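Number of protein chains: 2
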Amino acid sequence: MTTVSVLGSGVMATALAFPLSDNNHEVRLVGTHLDRDIIDAIKEAGVHPGLGLEVPETVRAYQLEDAEEAFEGAEVAMSGVNSFGVRWAGEQLASLLKPGMHVLSIAKGMDAGENGHLRILPEVLAEQMPRGLRETVSWSAVAGPSIAGEVAVRRDTCVVFVGHDASAAEKLAALFRTPYYHVWISTDFVGVEVCAATKNCYALGAGFMEGILDREDGSEVRYRNYNYGAALFGQAARELGRFMELLGGKPETPYGLAGVGDMFVTSMGGRNVKVGRLIGSGLRFSEARGRMLGVTLEGAAAIEVIGGALPKLTERGIVEPEDFPLMRYLHSVVGADEPLDMPWSTFFGGEPEAKAGKG
Amino acid sequence: MTTVSVLGSGVMATALAFPLSDNNHEVRLVGTHLDRDIIDAIKEAGVHPGLGLEVPETVRAYQLEDAEEAFEGAEVAMSGVNSFGVRWAGEQLASLLKPGMHVLSIAKGMDAGENGHLRILPEVLAEQMPRGLRETVSWSAVAGPSIAGEVAVRRDTCVVFVGHDASAAEKLAALFRTPYYHVWISTDFVGVEVCAATKNCYALGAGFMEGILDREDGSEVRYRNYNYGAALFGQAARELGRFMELLGGKPETPYGLAGVGDMFVTSMGGRNVKVGRLIGSGLRFSEARGRMLGVTLEGAAAIEVIGGALPKLTERGIVEPEDFPLMRYLHSVVGADEPLDMPWSTFFGGEPEAKAGKG
Chain A
1 MTTVSVLGSG
11 VMATALAFPL
21 SDNNHEVRLV
31 GTHLDRDIID
41 AIKEAGVHPG
51 LGLEVPETVR
61 AYQLEDAEEA
71 FEGAEVAMSG
81 VNSFGVRWAG
91 EQLASLLKPG
101 MHVLSIAKGM
111 DAGENGHLRI
121 LPEVLAEQMP
131 RGLRETVSWS
141 AVAGPSIAGE
151 VAVRRDTCVV
161 FVGHDASAAE
171 KLAALFRTPY
181 YHVWISTDFV
191 GVEVCAATKN
201 CYALGAGFME
211 GILDREDGSE
221 VRYRNYNYGA
231 ALFGQAAREL
241 GRFMELLGGK
251 PETPYGLAGV
261 GDMFVTSMGG
271 RNVKVGRLIG
281 SGLRFSEARG
291 RMLGVTLEGA
301 AAIEVIGGAL
311 PKLTERGIVE
321 PEDFPLMRYL
331 HSVVGADEPL
341 DMPWSTFFGG
351 EPEAKAGKG
Chain B
1 MTTVSVLGSG
11 VMATALAFPL
21 SDNNHEVRLV
31 GTHLDRDIID
41 AIKEAGVHPG
51 LGLEVPETVR
61 AYQLEDAEEA
71 FEGAEVAMSG
81 VNSFGVRWAG
91 EQLASLLKPG
101 MHVLSIAKGM
111 DAGENGHLRI
121 LPEVLAEQMP
131 RGLRETVSWS
141 AVAGPSIAGE
151 VAVRRDTCVV
161 FVGHDASAAE
171 KLAALFRTPY
181 YHVWISTDFV
191 GVEVCAATKN
201 CYALGAGFME
211 GILDREDGSE
221 VRYRNYNYGA
231 ALFGQAAREL
241 GRFMELLGGK
251 PETPYGLAGV
261 GDMFVTSMGG
271 RNVKVGRLIG
281 SGLRFSEARG
291 RMLGVTLEGA
301 AAIEVIGGAL
311 PKLTERGIVE
321 PEDFPLMRYL
331 HSVVGADEPL
341 DMPWSTFFGG
351 EPEAKAGKG
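Protein sequences appear in the order of chains A and B.
Everything in the first sequence is counted per our numbering, starting at 1 for the first residue and increasing by one.
Everything in the second sequence is counted per our numbering, starting at 1 for the first residue and increasing by one.
Hints are supplied without guarantee of correctness; some may be wrong.
Put simply, identical chains are the same to the list, so a pair is met inside one copy or across any two.
Straight line, CA to CA, 25 Å or less: simulated SDA-like cross-link-like pairs of lysine to any residue [to be verified]: (1) Lys43 - Gly85; (2) Lys274 - Arg224; (3) Lys274 - Tyr223; (4) Lys312 - Arg119.
Derived by calculation from the structure, the hints in this document are not laboratory data.
These figures come from a predicted structure and were not determined experimentally.
Given only the sequences and the hints, what does the whole structure look like? Please build it.
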């Protein structure tokens with residue numbers, strides 16, 4: 001049996017404790033400074049307030065000041081914070097990890113340099129370590145369609161563990177696999193992580209389709225707006241493929257769990273879709289944001305990072321101006337607060353001779 | 001202004017009359033022998049009963065015995081019947097088409113020979129013509145995510161017109177384009193049509209995820225089953241790609257409107273998903289079918305055709321036995337009436353070392 005110490009006790013980090021516990025591994029959940037109430041609730045009532053579920057009895061919860069104790073003797077470390085906390089998590093792990101440990105990261109997002117250079121988050125996490133430590137630890141990440149609560153109630157879930165070291169990823173996968181939690185291995189670290197980050201951006205657009213219906217009188221409309229969402233989904237899939245070319249992922253990676261699979265699940269609901277829906281109903285992003293104060297919007301943040309990098313990459317001649325029209329458009333809505341007016345004719349390589357009604 | 005005569009007056013054929021009418025083209029809708037009541041309703045009340053909407057005033061409706069009159073002087077013919085009626089439609093069109101006309105087909109499905117050889121439906125349609133006529137007519141088809149009623153209420157819709165002759169497809173597209181109906185052109189006839197047919201099969205599987213929830217007590221469950229549906233979606237996307245290799249479509253075709261875009265919209269609801277949901281709830285396909293008597297199930301029919309062809313193609317050495325595990329599994333459920341037990345570990349090239357809980 002393996003000891004897995006987890007930094008961060010949000011819904012996803014905690015949900016992953018369920019398959020681990022089902023396999024009789026020991027899980028130690030360490031809350032960040034933002035998680036104090038969560039840890040208290042688990043200690044006192046055994047319930048994770050965000051998940052609304054009892055955590056397995058074998059899970060032990062620690063406040064951040066007890067992190068060292070929680071990582072004592074652990075073979076596996078999970079970085080369970082979201083994309084906003086990756087640098088912080090790296091700094092913490094620098095003093096908690098021991099040579100030979102295996103690290104599994106769950107954050108979905110990207111980091112952009114001032115010149116638009118895009119990097120995956122496990123790189124950012126790892127570079128917070130001193131080199132000597134960094135190179136004696138294995139770095140893997142989990143991606144693929146996985147709503148945390150569904151994992152925790154043991155619904156069938158298929159994910160990808162990705163890392164440069166396939167045997168380390170497979171070793172981790174073996175700890176997690178249960179009859180409901182299915183794990184595949186990939187060594188396309190860049191491709192899988194870029195898909196995980198960009199699909200969050202595109203899923204925000206999935207909210208538009210519902211929001212547009214909210215503009216109509218009456219809550220019941222006979223015909224929904226799925227054609228709209230499907231067209232965005234198709235363009236998004238195309239752009240996932242273009243990101244592979246741009247950043248060096250494998251061409252087939254978007255067309256499985258980490259790409260369109262995850263984009264499908266993220267389009268079905270959640271905060272990202274909710275803010276998109278408010279925009280669809282007629283609000284500017286800043287107004288929609290104002291109605292969701294205190295809510296973490298990773299998709300919007302990823303749009304700022306990735307969509308914001310594209311003009312810089314275009315200026316440097318790395319990306320064509322007509323490439324990524326949907327990501328650029330999402331950035332104009334989220335980053336520049338423009339109203340919703342989908343530029344359909346720019347999609348799929350440009351609509352030919354789109355004359356009617358456009359002149 | 002162009003005269004467009006349409007054979008078949010189902011919801012999709014009729015919905016396409018809306019953008020045409022908005023562009024001031026003349027649409028003549030000819031009912032099949034199954035459409036008599038629809039044509040009567042349009043003639044008497046101007047309403048299409050299936051759509052539940054008034055058809056544009058300029059649309060003229062004809063019973064089948066008046067087809068010749070309806071096709072008099074038409075430049076464009078639409079084959080508006082579904083996949084079950086394609087041979088019949090071809091026989092009718094053989095005496096209705098004139099040299100130089102442009103044909104646009106809307107049926108989504110495939111045809112399989114006894115040895116498993118798979119062909120797209122526009123081929124089947126065209127081969128009902130005498131060769132002299134066939135070669136003087138252009139053949140195109142419409143594909144992509146398009147729920148009929150949403151087109152008819154003028155919601156944004158993005159589709160693909162496909163044909164070997166790009167200029168003919170573009171000529172047709174120009175008749176249809178409006179500010180809400182957006183049309184791209186493809187010459188990948190096989191790829192687009194194979195996507196259109198196979199995504200119908202995979203969308204039936206999308207019903208499983210809801211049906212499984214129906215087994216649980218109480219109508220409200222805190223966590224849905226989207227991880228399940230997303231994993232199927234990912235595997236389906238992968239298989240769309242494999243079908244391109246097998247049948248000669250372009251590798252990029254599945255990853256846009258005709259593939260994952262259309263699969264997304266078809267997964268959102270409809271008859272296909274409904275029968276899948278009944279299966280997910282615990283019924284065998286034959287029982288689910290029995291609850292939907294009189295309902296046309298194109299997805300199930302396509303599974304019989306395409307899933308049924310795979311073992312034959314495997315026997316002939318054209319397809320590997322481990323290829324298309326989801327399509328084969330759907331065929332075991334629909335064709336062989338087996339109960340639902342998703343073979344997750346066969347997906348994505350096979351789950352490595354899937355030991356836990358499997359032994």
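Task: Indices of hints not satisfied (ascending) - done: none
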